[in-house]
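Undergrad: If you read the sequences in order, they're chains A and B. In short: position in the first sequence from 1, add 918, done, that's this note's numbering. In short: position in the second sequence from 1, add 13, done, that's this note's numbering.
Hints were generated in silico from the structure; no laboratory data involved. Built from N, CA and C at the ideal position, the CB exists for glycine as well. Incorrect hints may have been included.
Okay, the calculated beta carbon distance ranges per label pair [what the hints assert, rightly or not]:
hint, chain 1, residue 1, chain 2, residue 2, range
1, A, T1032, B, D266, 23 to 31 Å
2, A, R1176, B, D265, 23 to 31 Å
3, A, R931, B, E121, 13 to 21 Å
Which residues of chain A face chain B? A few of them, derived with a C-beta cut under 7 Å, are [unchecked claim]:
hint, residue
4, V921
5, A933
6, G1026
7, D1178
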Amino acid sequence: MTVLVLDLAARTRAALGWWMLGILGMAAYAVSAYEWMGGLEELSRLYEQYPPAMRKLFGDVDIGTLNGWLQVEIVSYIPLLLAIYAGIFAAGSISREVEQRTVDFILGLPVSRTRFILSRLVVGLWNIFVICLGVFAVLVVGVAIIGHTPSAGNYALAMTNAFLLSAALLAAYVAVAAAVDEQARVTGITLGLTLVLYILTGALKATDAPEAVLWFMPFEHYHSAEAMTGGSLPLLPLVLLPAAALAAGAAAVYWYNRRDIAV
Amino acid sequence: MDAETAELDSMPVPVTTLEIDHLTKFYGPHRGVEDLTLRAEAGEVLGFLGPNGSGKTTTIRVLLGFLRPTSGRVSVLGWDAARQSVEVRRRVGYLPGDVALYGERTGEELLALAARTRGEEAPRAAEIARALDAPMDRPMKKCSRGMRQKVALVITLAHDPEVLILDEPTSGLDPLAQRSLLELLDQEGKRGKTVFFSSHVLSEAEHICDRVAILREGRLVVLDKVEKLRERKYKEVTLVYSGPPPNLEGLDDVQVVWRHDGRMTFRMRGDMRILMSRLAACAVEDVSIVEPSLEEVFLDFYREVAR
Chain A
919 MTVLVLDLAA
929 RTRAALGWWM
939 LGILGMAAYA
949 VSAYEWMGGL
959 EELSRLYEQY
969 PPAMRKLFGD
979 VDIGTLNGWL
989 QVEIVSYIPL
999 LLAIYAGIFA
1009 AGSISREVEQ
1019 RTVDFILGLP
1029 VSRTRFILSR
1039 LVVGLWNIFV
1049 ICLGVFAVLV
1059 VGVAIIGHTP
1069 SAGNYALAMT
1079 NAFLLSAALL
1089 AAYVAVAAAV
1099 DEQARVTGIT
1109 LGLTLVLYIL
1119 TGALKATDAP
1129 EAVLWFMPFE
1139 HYHSAEAMTG
1149 GSLPLLPLVL
1159 LPAAALAAGA
1169 AAVYWYNRRD
1179 IAV
Chain B
14 MDAETAELDS
24 MPVPVTTLEI
34 DHLTKFYGPH
44 RGVEDLTLRA
54 EAGEVLGFLG
64 PNGSGKTTTI
74 RVLLGFLRPT
84 SGRVSVLGWD
94 AARQSVEVRR
104 RVGYLPGDVA
114 LYGERTGEEL
124 LALAARTRGE
134 EAPRAAEIAR
144 ALDAPMDRPM
154 KKCSRGMRQK
164 VALVITLAHD
174 PEVLILDEPT
184 SGLDPLAQRS
194 LLELLDQEGK
204 RGKTVFFSSH
214 VLSEAEHICD
224 RVAILREGRL
234 VVLDKVEKLR
244 ERKYKEVTLV
254 YSGPPPNLEG
264 LDDVQVVWRH
274 DGRMTFRMRG
284 DMRILMSRLA
294 ACAVEDVSIV
304 EPSLEEVFLD
314 FYREVAR
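Turn these sequences into a full structure, and let the hints guide you.
TA: Following this line, the structure appears as structure tokens:
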């Protein structure tokens, strides 16, 4: 599988580079903007006037503090960006291979379908990990540059949670790509699903929906506000998200092994 | 042990390398291939012929494990193609129809990727790249279809596989490259490899195949040696003679096409020796016997089945 992993990693390196540039650029901007803004007290007062639902979406933090600011401006929606990346990656590395018929070249070699799907998952996970690591590094270095003491532990917890959530979504999107051959359709399905789930999570929070309903919303299991301001994470996402990733990954392998590959 | 027994003992025992047993594949309600049974042996070049949509590619994709058979069993070198397809692909050189390769990669890089995946060297890569004049150092996105086909052929043949399964291998190649490839495949057969290739260009099969299988609407119409197929077809005989015309009465299946002024053309099949003995009895100045092309045989099969 190493050969497939290295090959795909090399082929996705350029795209990953552009994603990194965008996301890390946003993180760097968020850090530096804290210095430029100056009137954070004013901003805090304005933030207090936000509807409670919107504040809940950002984690109900104090935007006047550095970590609260970073939570609202960048950390809270890192999983949204990573989920979009995961959908595009899954469509590009699995469905596109069938659509462009390059799957005939790869699966014409002694490569099992399980290895093929797992190699895509491994590279996707690695790429997401690299982005999370990059955001962590930008936060630590950026905060130090603007003259504050970085809360590296808090950032690490938030990025760990972001990675686990994105890993579960990546595995689910790989399962979609394992079942649907058209790249555009998989991209559409996964992006649509991501946005619907993200917006629905906010809407359900705003309407104080029952916990049981929120439990099924993936973005509900992202606790960056607690990580950024309290330096802790609940145990549930640390168990639930890897389990969900494993289950979705197993489903992807199962489907891909059962289906016909007719290009 | 008598001489005949000794001769039989010294003959090589045919080794079945590729076995398709009552294969049926349906795509939902649509037929791919139905109740197909055939075998290929080591050292055999088997042409798999049929028009578009006749089930050639479906059969090949089942052989490689891309498609699951609806019923029937397919094996290559004893490995079950549905359940042990990785083992099949380890031992086979497969060329897909309408080749697609990663555009940013060069032929060398793709060859290295294939070799690393197989975990073995590509001992014949240089020789085959030279024979086909394949552009191994160019990114695929900068190659024409024919160039990509050559690179794919190098990758297919480079590890010296026991069995070659090729889906329309000459498609996209210029005539010179087509000839080089057919010579190469002919040599592979002589080296004891099984070459199973699909085509709808009949002259290709005619030159290098030991046997051909003809498919129509998913069903095997015929599987036989090329010579045997030709024997089933009328030969066209043209005579130039002086004096009375030769007596053709009593010969099987003779159809006179035209006769005029000391020339006669007729079609016949059956024993040519009887014809020759008849011709010896008259003043024949010239005779030409034209064998039917495989294309004519093929078209005849289609007409017969359609009727």
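Undergrad: For each hint, tell me whether it holds in the structure or not.
TA: Status of the hints after comparison with the structure:
no., hint, in the structure
1, A:T1032 x B:D266: 23 to 31 Å, "violated, 59 Å"
2, A:R1176 x B:D265: 23 to 31 Å, "violated, 56 Å"
3, A:R931 x B:E121: 13 to 21 Å, "holds, 19 Å"
4, V921, "holds, 4 Å"
5, A933, "violated, 12 Å"
6, G1026, "holds, 4 Å"
7, D1178, "holds, 5 Å"
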